[in-house]
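K.L.:
Sequence:
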Amino acid sequence: MPYNAQTGIYTSALPDAPLPPNLDTISIYDFLFGPVFKPVGPGAVQRNQREDSVWLIDSVTGKTLTYEQAHQRTLDIAKGFKKRGLEEGNTVVIFSPNEVDYATGVWATFRLGGIVSCANPSYTAGELAYQLSMVHKYHPVKLVLASPESLADTLEACKKGGLLESNVILIREAYASSSDNIKNLARKFPTLDDIAREGRVGVPFVQFGTTGLPKAVEIPHRCLIANVLQSTVHWSKRPFTRYDAKTKKGDVIAGILPFFHIYGLVVVLHISVYNNTPVCVIPKFGLESFLGSTQKYKITSLYVVPPIMILLAKNDTTKKFDLSSVRIYMAGAAPLTIEIFQLFSRKFPKVRAGQGYGATESCTIITKLDVAGGSPGHSAGLVFPSIAVKIVSPEGKNLPPGGVGELWSRSPSNAIGYLANEKATKETWDEEGFLHTGDECYIDDSGHMFVVDRIKELIKGFLLDHPLVNDCAVIGIPDDYTGEKPKAFVALPPTEQVKLAKDPNLADEYIASIKKVVADNKDQVQAFGRSGFLAFDPENCEW
Numbered sequence: 052m053p054y055n056a057q058t059g060i061y062t063s064a065l066p067d068a069p070l071p072p073n074l075d076t077i078s079i080y081d082f083l084f085g086p087v088f089k090p091v092g093p094g095a096v097q098r099n100q101r102e103d104s105v106w107l108i109d110s111v112t113g114k115t116l117t118y119e120q121a122h123q124r125t126l127d128i129a130k131g132f133k134k135r136g137l138e139e140g141n142t143v144v145i146f147s148p149n150e151v152d153y154a155t156g157v158w159a160t161f162r163l164g165g166i167v168s169c170a171n172p173s174y175t176a177g178e179l180a181y182q183l184s185m186v187h188k189y190h191p192v193k194l195v196l197a198s199p200e201s202l203a204d205t206l207e208a209c210k211k212g213g214l215l216e217s218n219v220i221l222i223r224e225a226y227a228s229s230s231d232n233i234k235n236l237a238r239k240f241p242t243l244d245d246i247a248r249e250g251r252v253g254v255p256f257v258q259f260g261t262t263g264l265p266k267a268v269e270i271p272h273r274c275l276i277a278n279v280l281q282s283t284v285h286w287s288k289r290p291f292t293r294y295d296a297k298t299k300k301g302d303v304i305a306g307i308l309p310f311f312h313i314y315g316l317v318v319v320l321h322i323s324v325y326n327n328t329p330v331c332v333i334p335k336f337g338l339e340s341f342l343g344s345t346q347k348y349k350i351t352s353l354y355v356v357p358p359i360m361i362l363l364a365k366n367d368t369t370k371k372f373d374l375s376s377v378r379i380y381m382a383g384a385a386p387l388t389i390e391i392f393q394l395f396s397r398k399f400p401k402v403r404a405g406q407g408y409g410a411t412e413s414c415t416i417i418t419k420l421d422v423a424g425g426s427p428g429h430s431a432g433l434v435f436p437s438i439a440v441k442i443v444s445p446e447g448k449n450l451p452p453g454g455v456g457e458l459w460s461r462s463p464s465n466a467i468g469y470l471a472n473e474k475a476t477k478e479t480w481d482e483e484g485f486l487h488t489g490d491e492c493y494i495d496d497s498g499h500m501f502v503v504d505r506i507k508e509l510i511k512g513f514l515l516d517h518p519l520v521n522d523c524a525v526i527g528i529p530d531d532y533t534g535e536k537p538k539a540f541v542a543l544p545p546t547e548q549v550k551l552a553k554d555p556n557l558a559d560e561y562i563a564s565i566k567k568v569v570a571d572n573k574d575q576v577q578a579f580g581r582s583g584f585l586a587f588d589p590e591n592c593e594w
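Quick note on numbering: the sequence shown equals residues 52 to 594 in our numbering.
No wet-lab data here; the hints were simulated from the structure.
Everything numeric in this text was worked out from a predicted model, so none of it was measured.
Glycine residues also receive a C-beta, built at the ideal position from the N, C-alpha and C atoms.
Mixed in with the good hints there might be a few duds.
[Stated by the list, open to error] Pair ranges (Cβ atoms, derived): (1) Leu215 / Ser173: 51 to 57 Å; (2) Lys477 / Ala64: 30 to 36 Å; (3) Pro93 / Ala227: 49 to 55 Å; (4) Asp495 / Pro93: 23 to 29 Å.
Model the full assembly from the supplied sequences, consistent with the hints where possible.
P.N.:
Dropping the structure here:
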């Protein structure tokens with residue numbers, strides 16, 4: 052693990068990712084579809100692009116798009132966008148679950164020098180209106196791509212934001228199973244298929260957070276390109292990776308993570324297609340439909356979030372499906388404990404699991420954990436190629452291995468700041484280019500990074516290992532003595548819920564048994580972070 056005691060900087064043991072000489076000016080569209088970048092140096096990984104390589108699979112229809120077809124579709128949509136007035140510097144807002152044309156809509160916008168702003172499809176009309184108004188003030192919103200199911204909210208948001216209905220395009224037609232109201236409303240608006248047919252006769256992302264009123268992060272093309280190349284070096288050059296944990300020919304990535312989130316947009320979509328790994332695009336998570344897609348399309352790599360991992364480990368529905376194709380599981384967007392890893396691994400012993408750490412402001416990955424190499428499961432991983440990190444004390448002192456402080460990260464993938472928020476930008480990015488993450492961490496002698504302030508996740512990991520716990524949530528509640536203590540809400544398995552309904556007196560027995568799990572691991576909990584008593588409220592527990 053390279054560590055410079057004089058500068059206090061930790062770096063990757065892997066070679067730096069070679070970056071294009073025109074990194075500051077090349078667009079993502081040109082990076083994907085233009086002349087193939089040929090890197091040189093120790094970190095060089097040559098891209099073997101084939102026109103017939105499958106890039107995208109629609110899990111609903113089974114339709115596929117090869118590299119060549121995706122390129123042509125992108126060009127057709129771009130021509131249609133241009134006919135509708137999209138110009139360089141204009142914004143296209145996408146308000147939709149994952150779709151194959153989510154990707155081509157993004158790339159078509161970049162083809163014209165436009166800006167993409169992805170909106171959470173679960174937003175209310177008011178939340179979407181806030182995003183539309185904020186972006187429109189600085190980067191005029193010209194088009195809004197919406198799903199038929201979100202069309203009513205889209206129109207209401209456009210009205211509140213001062214945009215015309217003619218700005219709205221449907222990302223696809225309404226499903227046959229959709230309600231008559233949705234179908235009737237959708238018929239009044241053009242789809243991307245219509246736009247593509249019309250097309251045939253340095254600009255940043257503005258990426259938002261996922262909850263509450265959004266704060267916009269400006270992400271230039273170079274950031275995404277850099278993280279794609281950093282990831283390519285990581286997957287190809289790491290000496291500690293077992294063969295069965297590498298991405299290889301025949302792999303299919305599960306495109307279940309929402310593309311409006313930076314993890315889904317960069318890691319799942321762009322890193323995959325750049326390396327010619329097909330993405331099976333899944334619009335919405337449902338356990339049986341997700342497992343069905345995994346079986347049908349022989350998905351090999353699951354890039355998901357911890358709740359899905361827990362559900363797969365706990366739910367017997369998985370036994371109805373052939374999941375033998377799955378080799379790799381990568382978690383992100385939330386932390387995992389070693390207990391959750393072990394729970395998953397006991398059920399799926401042949402699947403190699405890992406996790407990563409990153410942020411929207413870093414354009415995704417800062418560290419990544421490779422469990423196949425015997426790394427500690429509760430680690431957030433090793434520093435990514437071409438990234439420098441520091442652990443800084445509250446007094447501003449750089450800390451050596453083992454020292455606990457705030458993680459600072461400098462990377463060619465770092466965003467440039469927050470839209471129209473100079474104060475927050477200066478507080479988050481310093482003059483040396485380091486992103487101040489706000490997370491309390493330490494790095495051990497082997498180079499593995501650990502996020503310290505995650506006591507609630509540790510307790511959750513212990514609870515999930517109990518046979519009476521189907522799912523749980525742990526929150527912090529005010530405490531006069533310690534400042535905060537954890538409180539758990541537990542969901543029993545369906546069979547135990549039936550027993551409890553017949554005999555409410557079982558509640559005390561269940562609670563005592565579950566509380567014992569944390570009591571038995573008290574030393575680990577206290578050593579990991581702030582000590583506190585685990586309080587259960589049986590009246591408010593989700594039984």
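K.L.:
Tell me, which hint numbers fail for this structure?
P.N.:
1
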